[in-house]
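One line per chain: the protein sequences are A and B, in this order. Residue numbering for the first sequence follows the numbering used here, starting at 37 and increasing by one per position. Residue numbering for the second sequence follows the numbering used here, starting at 37 and increasing by one per position.
Just so you know, the hints here were simulated from the structure itself, not pulled from any lab data.
It does not matter which identical chain is meant; a pair holds if it fits inside one copy or across any two.
Straight-line alpha carbon distances no greater than 16 Å define the calculated EDC-like cross-link-like pairs of lysine to aspartate or glutamate that follow: (1) Lys91 with Glu53; (2) Lys124 with Glu92; (3) Lys150 with Asp177; (4) Lys407 with Asp423; (5) Lys259 with Glu278; (6) Lys257 with Glu277.
2 protein chains.
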Amino acid sequence: MGLIVQKYGGTSVGTIERILRVADRIIANKEAGHDMVIILSAMGKSTDVLIDMAKEITPYPSEREMDMLLTTGEQVSIALLSMALHQKGYDAISLTGWQAGITTESIHGRARIKEIDPTRIRAELDRGRVVIVAGFQGISDTGEITTLGRGGSDTSAVALAASLQADKCEIFTDVAGVYTADPRVVPAASKLDRISYDEMLELANLGAGVLHPRSVEAAKKYKVKLVVRSSFTAEEGTYVEEVPDMETGRVVSGVAHDDEVAKITVVGMAAKVGTLSRLFNTLADHRVNVDIIIQSSYDSDVTNISFTVAAGDLKHALDTLAKNQAELGFEKVDYEEGLSKVSIVGSGMVNNPGVAAEMFRVLAEEQITIKMVSTSDIKVSCVIPADLTELAVRSLHTAYGLDVAETAVVHGS
Amino acid sequence: MGLIVQKYGGTSVGTIERILRVADRIIANKEAGHDMVIILSAMGKSTDVLIDMAKEITPYPSEREMDMLLTTGEQVSIALLSMALHQKGYDAISLTGWQAGITTESIHGRARIKEIDPTRIRAELDRGRVVIVAGFQGISDTGEITTLGRGGSDTSAVALAASLQADKCEIFTDVAGVYTADPRVVPAASKLDRISYDEMLELANLGAGVLHPRSVEAAKKYKVKLVVRSSFTAEEGTYVEEVPDMETGRVVSGVAHDDEVAKITVVGMAAKVGTLSRLFNTLADHRVNVDIIIQSSYDSDVTNISFTVAAGDLKHALDTLAKNQAELGFEKVDYEEGLSKVSIVGSGMVNNPGVAAEMFRVLAEEQITIKMVSTSDIKVSCVIPADLTELAVRSLHTAYGLDVAETAVVHGS
Numbered sequence: 037m038g039l040i041v042q043k044y045g046g047t048s049v050g051t052i053e054r055i056l057r058v059a060d061r062i063i064a065n066k067e068a069g070h071d072m073v074i075i076l077s078a079m080g081k082s083t084d085v086l087i088d089m090a091k092e093i094t095p096y097p098s099e100r101e102m103d104m105l106l107t108t109g110e111q112v113s114i115a116l117l118s119m120a121l122h123q124k125g126y127d128a129i130s131l132t133g134w135q136a137g138i139t140t141e142s143i144h145g146r147a148r149i150k151e152i153d154p155t156r157i158r159a160e161l162d163r164g165r166v167v168i169v170a171g172f173q174g175i176s177d178t179g180e181i182t183t184l185g186r187g188g189s190d191t192s193a194v195a196l197a198a199s200l201q202a203d204k205c206e207i208f209t210d211v212a213g214v215y216t217a218d219p220r221v222v223p224a225a226s227k228l229d230r231i232s233y234d235e236m237l238e239l240a241n242l243g244a245g246v247l248h249p250r251s252v253e254a255a256k257k258y259k260v261k262l263v264v265r266s267s268f269t270a271e272e273g274t275y276v277e278e279v280p281d282m283e284t285g286r287v288v289s290g291v292a293h294d295d296e297v298a299k300i301t302v303v304g305m306a307a308k309v310g311t312l313s314r315l316f317n318t319l320a321d322h323r324v325n326v327d328i329i330i331q332s333s334y335d336s337d338v339t340n341i342s343f344t345v346a347a348g349d350l351k352h353a354l355d356t357l358a359k360n361q362a363e364l365g366f367e368k369v370d371y372e373e374g375l376s377k378v379s380i381v382g383s384g385m386v387n388n389p390g391v392a393a394e395m396f397r398v399l400a401e402e403q404i405t406i407k408m409v410s411t412s413d414i415k416v417s418c419v420i421p422a423d424l425t426e427l428a429v430r431s432l433h434t435a436y437g438l439d440v441a442e443t444a445v446v447h448g449s
Numbered sequence: 037m038g039l040i041v042q043k044y045g046g047t048s049v050g051t052i053e054r055i056l057r058v059a060d061r062i063i064a065n066k067e068a069g070h071d072m073v074i075i076l077s078a079m080g081k082s083t084d085v086l087i088d089m090a091k092e093i094t095p096y097p098s099e100r101e102m103d104m105l106l107t108t109g110e111q112v113s114i115a116l117l118s119m120a121l122h123q124k125g126y127d128a129i130s131l132t133g134w135q136a137g138i139t140t141e142s143i144h145g146r147a148r149i150k151e152i153d154p155t156r157i158r159a160e161l162d163r164g165r166v167v168i169v170a171g172f173q174g175i176s177d178t179g180e181i182t183t184l185g186r187g188g189s190d191t192s193a194v195a196l197a198a199s200l201q202a203d204k205c206e207i208f209t210d211v212a213g214v215y216t217a218d219p220r221v222v223p224a225a226s227k228l229d230r231i232s233y234d235e236m237l238e239l240a241n242l243g244a245g246v247l248h249p250r251s252v253e254a255a256k257k258y259k260v261k262l263v264v265r266s267s268f269t270a271e272e273g274t275y276v277e278e279v280p281d282m283e284t285g286r287v288v289s290g291v292a293h294d295d296e297v298a299k300i301t302v303v304g305m306a307a308k309v310g311t312l313s314r315l316f317n318t319l320a321d322h323r324v325n326v327d328i329i330i331q332s333s334y335d336s337d338v339t340n341i342s343f344t345v346a347a348g349d350l351k352h353a354l355d356t357l358a359k360n361q362a363e364l365g366f367e368k369v370d371y372e373e374g375l376s377k378v379s380i381v382g383s384g385m386v387n388n389p390g391v392a393a394e395m396f397r398v399l400a401e402e403q404i405t406i407k408m409v410s411t412s413d414i415k416v417s418c419v420i421p422a423d424l425t426e427l428a429v430r431s432l433h434t435a436y437g438l439d440v441a442e443t444a445v446v447h448g449s
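Just chain A, with the same shape it has in the complex (with noise of 0.2 Å):
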């Protein structure tokens, strides 16, 4: 008895046959007394449909207006749930963003939520209904129809819950649950039944694909618990919440890793202060994201700065540093393409020296070069050749006893 949040993603109601299904998962939870909000992103490969008839268009479309366009894909699947339910013979009521009182910045295409009112949720619940919310949008002061770009349905059901101050958040995806590694790399994977908020950043953060970084991040913030599972099983799927180290009795809980993956190095940057600050932030400005960051210096007066990007984002990285060549003052630009970026994860490490040089030991013996290596409290990411990701993932699966028992993964992306 309580209230939940479900989130259903695009493939989970993908097709009118779908939409029924997941309704039959709402009305047993409301039979099983629970208080019901679910949140629907848009049906399967819609919004790729209204994507490909802007850049008909136009191919650079202006983002309010693309926010005007995509959030009609989650109106349609919100009304369509709502009338299967009806159908059912069980009381829902869809509702757009801004008529679930989700208030977001002023921004187009990326936008966060600044604040929930749920005086309208609450009072449809009070009614007996399941009310069901439009995922990924918002709107602004302004009265502006805004999205919350990449993983935002995601983060409408963790804000959502947490304004609810709901039992739970279910996120429904394609998957069972969060493994400790891509089982399509490593056959002994097996799903892990809880996982923390801050393991489960690292693993998003590190291209595990299950749930995204921002949605973790609130549900870290305002303590949801978070539940991962899949929409077509009745499998338990894996908790995120905050779990106490020694109850997990794991050093390592996941193997991720990131097979696309460039490595840029600025030479003969001169060792100024600013020097760094100067060089991401004219990156950033362009909008490439950078990943593991490394200052080598060789004497005092010059310094090289290496760093990843995702593979895609090459090729502007490189034109962007060609074209800032004076203002940044340096020498030349090496890269190199093919990598790959291999993580262990697991908030048991904090307590455990040594884990970093056991890693580095398990990819020597494979013969394994390393070319780059970042680490924090839970994590040691390394940067290896992209021909053998597997060979590391699941030589690192095994040596931290993962191929047993409980276990977390880690979608390849």
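Based on the hints, put chain B in the right spot on chain A.
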């Protein structure tokens, strides 16, 4: 120089290519120095696609959820047209019904507009923008998305033109204007340059199909100068405005016809106070639209009542009568299918006695049996056998001197 409101129907924005063509037409007006407010319908058959999805879920979708679903169609087209104008170098902004300040009754599927707050539109016009508004939709006082029902986008356009005191309201459609008769039936039919609101209202009600009667009524009430014209040619259309009779010199402006008519006769009802009221309220409650009504009494106690309905409504009307026979207290019901309604319309009739007599003479000469007659100040309608419709329309068109010069059509429906 002035403010022009233009409405483009679904066919006019049916493809990306047509949307780009609409953008060009708007630009031509903008370049001529006009402020432009555009009202759009949903693209081509997109509304039908949405209806089909709803019908796959339930035969009786909730009207509120249908409004939620269908209003996405216009939201898509306005976003795309705005992008098209941007692409061509012009500033534009799309607005949903609620963003445009269109408040309606709290009814779904067929709400009437209560009020328009043009503040936002005016502000955008002051910024030099083309303002593109989603037709057919509004918002109720309780924050629900509503639709205006049939002819909704025309009504949106006229209401906005009235609210903004626009110089004219152009309705773009797939015909060149209002004709003296349906050109498919009468080759000699010609396009009218001008027609009065009252004449247009009769023609709209008679199934002319060019404009919905609601929009014409609104135009008459607020003295909005309407223009009906083709979105595919540069041809001047037909002006619908207050035309002094003397100016036109016409007695009859057009010959309209409606092919799909059925006649029902309720035989042997008790001739008591409230008999008619009970009968037609029962039909209205079951959403049967009744057109011509004739009551004939044979003796003082019992009366027969004949009326016409759209052929498609016949079965439902007969079912409704059968179910309520005991309560309504009649003896039996007769009906006749395969009928049509032919009408002559003209504000000149008021001052010209004998117009109806002339109509009866022409039909008699052609051996056409008149089953029912209905008249108003500016219209005479006769119900006749449907297979003689074309003969009747052509003979009347000739008899009233419409085959030459200026003259109104009227698409049969």
